[in-house]
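With chain A fixed as given, assemble chain B onto it according to the hints.
There are 2 protein chains.
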Amino acid sequence: MINPEYIGFIAATLTTSAFLPQAFKIWKSKTADGLSLSMYLVMGTGTLSWLFYGLLIESPSVIVANCISFSIILFIITFIIRSKM
Amino acid sequence: MINPEYIGFIAATLTTSAFLPQAFKIWKSKTADGLSLSMYLVMGTGTLSWLFYGLLIESPSVIVANCISFSIILFIITFIIRSKM
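Here the protein sequences line up with chains A and B, keeping their order. Heads up: the first sequence at position 67 corresponds to 67 in my numbering, and the numbers run straight through without jumps. Heads up: the second sequence at position 49 corresponds to 49 in my numbering, and the numbers run straight through without jumps.
Keep in mind that a hint or two might mislead.
As the list claims (entries may be wrong) - Partial chain B-side listing against chain A, Cβ under 7 Å, derived: (1) 4; (2) 14; (3) 15; (4) 39; (5) 43; (6) 49; (7) 52; (8) 53; (9) 56.
Said to hold, decoys possible - Derived DSBU-like pairs: lysine-lysine, alpha-carbon spacing no greater than 35 Å straight-line: (10) B/25 with A/84; (11) B/30 with A/28; (12) A/30 with A/84; (13) A/25 with B/84; (14) A/84 with A/25.
Claimed, not checked - Negatives, chain A to chain B, calculated, CB over 12 Å: (15) 71; (16) 74; (17) 78; (18) 79; (19) 83; (20) 85.
Think of the hints as simulated: they come from the structure by calculation, not from any bench. Quick reminder that beta carbons are idealized off the backbone N, C-alpha and C, glycines included.
Bound conformation, chain A alone (with noise of 0.2 Å):
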C-alpha cells in the first residue's frame, strides 16, 4: 500500500508550482495589469479554508501545499492591488 501523504506532496509541488510563473512575470514586470483580483480573492479564500480543512483531518500535504499556495496568491493580490492605486 502507497503512503498517501506520498502522492499528496506531488500533489502539492504540482499545484503550487503552477502559481510560480505568474508570481515570477509580476515579480520582473513589477506589474499585476490583466490579472483578476476577484479571481485571485476567490482562490485565496479557499486555499484558506483548504488549509483549515488540512489542520482538521491532520494532512500534512493539505496543510504545507496550501500554505505555501496561500503566501504566493497573497503576493498576487498584494501586487494587483498596489499597481491599481
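Same frame as chain A, but now just chain B:
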C-alpha cells in the same frame, strides 16, 4: 467539533469556481490566446494527483473538488491545444 467535510466543501466550491471565469471567457471568445499550456498541464497533473490522494484518504470533498477542477482544466487545455493547431 465542526465536521471537516463542511470546511472541505466550502474550500472545494471556492477553489473550483476560481477557474470558471477563465473557462467562460474561452467559451465565449472561442479562443485561448494568452493562456499558458504548460501552466495548465502542470495544474491538470497536480489536480489528478490530488484526486488520487483524495481516493487514498477517502475524503469526499477532496475527491469532488478535484474531479470538477480537473474537468474544467481539461476543457481549457483542449481549447489551448486546438487554438495552436
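Hint check results:
Taken as an interface hint, residue 4 of chain B checks out: its beta carbon lies about 4 Å from the nearest beta carbon of chain A, inside 7 Å. Taking 7 Å as the C-beta cut-off, the interface hint given for residue 14 of chain B holds, the closest approach to chain A being about 3 Å. Look at residue 15 of chain B: its Cβ gets to within about 4 Å of chain A, closer than 7 Å, so that hint holds up. The interface hint given for residue 39 of chain B holds, since its Cβ lies 5 Å from the closest Cβ of chain A, which is under the 7 Å cut-off.
The interface hint given for residue 43 of chain B is met, as the beta carbon of that residue sits about 4 Å from the closest beta carbon of chain A, less than 7 Å. With a cut of 7 Å, the hint placing residue 49 of chain B at the interface with chain A holds, because the nearest CB-to-CB distance is about 3 Å. Checking residue 52 of chain B against chain A by beta carbon gives a least distance of about 5 Å; that is within 7 Å, so the hint holds. At a threshold of 7 Å, the smallest CB-CB gap from residue 53 of chain B to chain A is about 5 Å, leaving the interface hint in force.
Among the interface hints, the one on residue 56 of chain B holds; its C-beta lies about 4 Å from the nearest C-beta in chain A, closer than the 7 Å criterion. Our distance criterion of 35 Å between C-alpha atoms is met by residue 25 of chain B and residue 84 of chain A, whose separation comes to about 22 Å. A C-alpha spacing of about 30 Å is found between residue 30 of chain B and residue 28 of chain A, which places the hinted pair at or below 35 Å, so the restraint holds. Only pairs whose Cα atoms come within 35 Å are accepted, and residue 30 of chain A paired with residue 84 of chain A is accepted, the gap being roughly 12 Å.
Among the hinted pairs, residue 25 of chain A with residue 84 of chain B is consistent with the structure: their alpha-carbon atoms are about 22 Å apart, no more than 35 Å. For the given pair, residue 84 of chain A sits about 17 Å from residue 25 of chain A by alpha-carbon distance, which is consistent with the 35 Å threshold. Interface exclusion of residue 71 of chain A from chain B stands, the closest Cβ pair being 16 Å apart, more than 12 Å. With a minimum CB-CB distance of about 15 Å to chain B, residue 74 of chain A clears the 12 Å threshold, and the non-interface call stands.
At the 12 Å boundary, the C-beta of residue 78 of chain A stays outside the reach of chain B, the nearest C-beta of that chain being 18 Å off. Taking the minimum C-beta to C-beta distance to chain B, about 17 Å, the non-interface status of residue 79 of chain A holds against the 12 Å cut. Distance check on residue 83 of chain A: its Cβ is at least 18 Å (rounded) from any Cβ of chain B, clearing the 12 Å threshold; non-interface status holds. Here residue 85 of chain A stays apart from chain B, with its beta-carbon at least about 23 Å from theirs, past the 12 Å limit.
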